[in-house]
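Please take these sequences and the hints and turn them into a complete structure.
Residue numbers (numbering that gives the first Met the number 0), protein chains in the order written: chain A, 0 to 130; chain B, 0 to 1109.
Read the hints as simulated data drawn from the structure, not as lab findings.
No false leads were mixed into what you were given.
Examples of chain B residues toward chain A, derived with CB under 8 Å: (1) Pro46; (2) Cys804; (3) Tyr805; (4) Trp855; (5) Ser860; (6) Arg986; (7) Ile1042; (8) Cys1069; (9) Tyr1085; (10) Ser1086; (11) Asp1088; (12) Met1094; (13) Ala1096; (14) Leu1098; (15) Met1099.
Cβ atoms here follow ideal geometry from the backbone N, Cα and C, with glycine treated the same way.
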Amino acid sequence: MMKPAKVLLFTCNWGAYSGLETAGAQNKSYSPNVRPLKVMCLGRLSSGIILKAFECGADGVLLLGCPPGECQYEFGSRRAEEAFATAKELTRLLGYADERLQMDYVAAGDGETFALKVRHFVAELNRAQGG
Amino acid sequence: MNKGVLIVGGSPAGLQAALDLADSGAEVHLAENAPFMGDGQVTAMPPHLLRVRMLEVLKHPHVTLWTQTCLDRADGSGDSFHVRLRQQPRYVDVNQCTGCGDCLEVCPVTVPGTRHQAIYRRDGGQPECPVIDKLGKAPCTRACPAGIHVQGYVALIAQERFQEALDLVREAIPFPGICGRICTHPCELNCRRNEVDAAVAMRSLKRYLADWGRQNAGSARNQNPPKPWSAEDAKRVAVVGAGPTGLTAAYYLARQGYRLTVFDKLPVAGGMMAVGIPAFRLPRDILKGEIEVIEEMGVEIQTGVAWGQDITLEGLRSNGYQAVLLATGLHGSRRLGVAGEDLPGVLDGVGFLRDVALGREVSLGAKMIVVGGGNVAIDVALSARRLGGREVTMVCLETLEEMPAWDYGIAEALEAGIAIVNCWGPHRFLEKHGKFFGLEFKRCTCVFDEQCRFNPQYDENDLQTLEADTVVIAIGQRGELDAVADEKIPVLLQGRIAVDPATFQTSIPWVFAGGDAVYGPKSVVEAIACGKQAAASIDRYLSGGYRGNGRHKRPETAETNNGLPGAQFAPGAAADREGPVWRRPLTAEELLPKPRVPMPRLAAAKRLRSFSEVERGYSEEQAVAEARRCLVCGPCSECMACVDACRPQAIIHEQHETITDLDVGAVIYADDPGRGEQSAVMPGRGGYRVAPEDVLQSSAIAAQVLTRLAAIRPLRIPPQAPRILDDPARIGVLICQCGAAIARTVDTAEVGRHAATLPGVVVAQVLPLACTGEVAQTMGDMVAALDLNRLVLAACTCCFLDQACYSCTYQRIRCKHNLGVFDSQRATPRPLHFAASVNLPRIGWEFVNIREQCAWAHAGSSQAATRKARDLIAAAVAKSRLSSTRVPDLRFPEHSALILGGGQAARTCGDLLRSQNIAVRQVGARPSGIRRVDGRYAVMQNGQTWTAAAVVLAPQEPVELDYWVSVLGTKPHRTHPRWVWGGIETRRPGVFYCDPTLDGAMVGAAAAARVSAWLGRCARGPGATVAVVDPHRCRACKTCKEICELGAPQFVGPEPHRSCWIDPSICAGCGTCAAHCPSGAITAGYSTDAELEAMMAALMAAGERHDETG
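Put into structure tokens, the structure is as follows:
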């Protein structure tokens, strides 16, 4: 049997975390092997920390932040995109499948979208890993 | 002294004014008409932002929220208002409620005309504790002398929840089957359904429950077992008379743990229920079964023991009985006082029924007269027909309509072929051969006088004679008081035992009396009510204090003012309660007639063959259909299902409206004018009104109010002391079950066992509910006993921060407060206040949310949820081990503001700030640059530099965007004045922008309020997320300055030792600077790099192990 994919999910404290909480409150399920880790803002993440997640054994790393233009700190998500781009570049060099590292966003209180995006990420990851 | 401000309406404008004023140091009372802020208001503000505002208000130490409160009146006098707040009860203790929603699952009532249940909450409304929709007690419940929650059992039957319904009835009376058959049902007489068609058949529904209980005896008995026998050394109480009063009192006293003996002179127990009510109304097996339940509780019943002959008070006393209840009833018949009454063949009604019930020989003859028009007379006549009386005639004074017997009783008599002769009174008995032969009647012209008193008038000339073999006189009962007289207990004129009406005590303190012998002939339900009261009184007498006689009642002292020192129990509130229930207009659907389900009855032809029961009882379908006719008057039915479901015991059905008087310096009305009560606030000195959406106008009003209250000393909240964390880590892990909300899915014991094995963990403990004050105290004790220095709480709370986030909840804020994570303590207890918090200054906190993230998200898989909870806790423990003391360097400047501009806005803003003793400098409107320097704003203009803590930009003419970009920052994507939801904030904290196209006086005043609030917030100290720089590692490369667009990083110290200092007043805590600092000198406030790495390792490594184990 295929090993279930371990996913480290970085969420910012605002839009994405609120989506995570709402998904729980609405009993919207997703893979329990997705382990959330909250930071105040995705801008907190450097490319080094993102890569560290793989080093710790994550099969996939998903970054969920606030929708465009709705970052609580305004400049945070812009910086996160830079860090993400660098990390992406490095994982590509390392030969990682594209599905293993993704960045997306969830609006505050949108548990439905949160669960959909997490499920989608896990499904794509499993497909890439299994195939 | 701080006079405070009252704001009416939890609208966006009300919230804005509350925060501006409270941050500025004023004491704010916010009165919201609805149970929730944000309820019933349509607002343009996105829900997550509104939620944050509401939570900030809820946790603010200077704001007191009054929900369900209206402003009764506001009397202005001098500089202040005397206001009166009227608060409706919520019936849910917001300090105990965990928001788990279990109560919502069990409520059987849907409120007519709405989609919510009788207990409900609103999405997005704060506080997120449910409220019970209760206009008052339903008329049926109110009418029941025995205090049965009538609407409650009807509502439960309508949902086919028979066991709960039966338990609810049994809670109030020991005789559901008896009352279900012979109760005089005051509930039905008061039913609002009478306005539409006919009352709900509540008595028959109760009977259905009792029958259901008998049919399901095995399960019913198991679920509601009688209490074990009382202890040998329990106090002993004797009851004289095994009627409904005596047995009820015995039942309730036995439940309280007393040892009871009931004596009765009759050979059977039950009193009038056994010898006064014929078996065709109340089958003997039903009666016996319900008396057996009482006996099973340890009550000893001795029949055939007559007081006065076999036992005396003295004898009882010497046998160890410490109290006696006399419930001897009225077992004698009233006499006519007409000549010939003692002739053979003249019987009395009570004696006749007793002889029939006891199976004694009764000689009737073929023809019989029954004198009387009441229920006893009907029962005598019907019994006589069953015993072979062929010709039975009832004669009474009253007309058919006036007869005191029930309509259905009269109908039954007519169906049984009994002749009823109205308007005749006995004149004399006729004798033949020394035996009764007939009765001569005189015409009764009128029974009642003008005052409706019984005062019959006769026409002595209009006589008629009826011949018969026997006559039964059934005109009333009287007591047999020989024993009472022998014991020298005072008796009233009417032949009733004299008692204190409040305590049922006779003139002998340890002797109590109740039932018909005290108050005259009444119904079984009255007798039960009396028995309960007498039992409570005896308990009080023997225990020497108050004890409630129902499990749902709380002591009077707690409910009179709902625990608030200042509040009074609203006078007359209880009486007013009848009003709203009756005034609720019935909806069109409710007004549609739904005929009452007829009670199946034994065919008339079969009835006279035996004493078998006439009413056959509803089937399940009939009972449910009949129960669904209920109009849900309460609307809460008081079925108490929510009380049973609520694990934290937060539901209090016995609450009352309260009135609180306050003295405030100003009143701001920020509610929708459509929501009433506007007449209470008159605009004028200290009275203000603002549109509910207008946050700018409300800030402008706040500034004027601050000026008005300028004499007060602001309530500055002292900065919170930094947490000093010792090493090595000694960690306590606390796992909350959240009632059942977490424990239902997550195996908390297993999670606890795992947590205890983690490095650094000293103890792991499972808690039933973490967010209550009591638990916080326990945690405090645990910390002291085990010398802990870090705690990890796995519950629903998710961070240790003193900030309200989009996903925070009222319960989380309360939990954090209780644990002393931050201080929201009000000076005085308030309706929505937190319990005293534990003070644990040397404790580092980590919170893990295992409710939303584990128990609820993975509700379908207990194993996966448990595993995830274990890993999340492991990550938090790993983080906690690394956490250390961090002290942000706070340099708070003097209260000062720079106003740039010279128009109306600038003038107003300056005047209002000066009145609050804030130093103001006004300079030209076009500076060449605004920078943050050394904890202040520095404004450069014409080669000069001015500094101040806050800046207000107030140009007289619109200024092009590019200019502001160059003034506030350097790059085009940077700061620009923007309209956030507050209306005048810029991207830079503490810099406000007055749009010149708006009314200058208004926007200037609003800016003044925001400046003063911002200065207040700065003085409260930095948040826990503020980044800290290690100056020794800083190379002053200024990368952080490039990154942070708020301007928090500043460079301090002389060259060449300049290093970065992050201004805690400005830092928003995002941590982006820490991610980009090339020398690693910046530590992000929320989690350091090392902490993040440790958490990632814990989360991922744990996954590895699980894969190995399967």
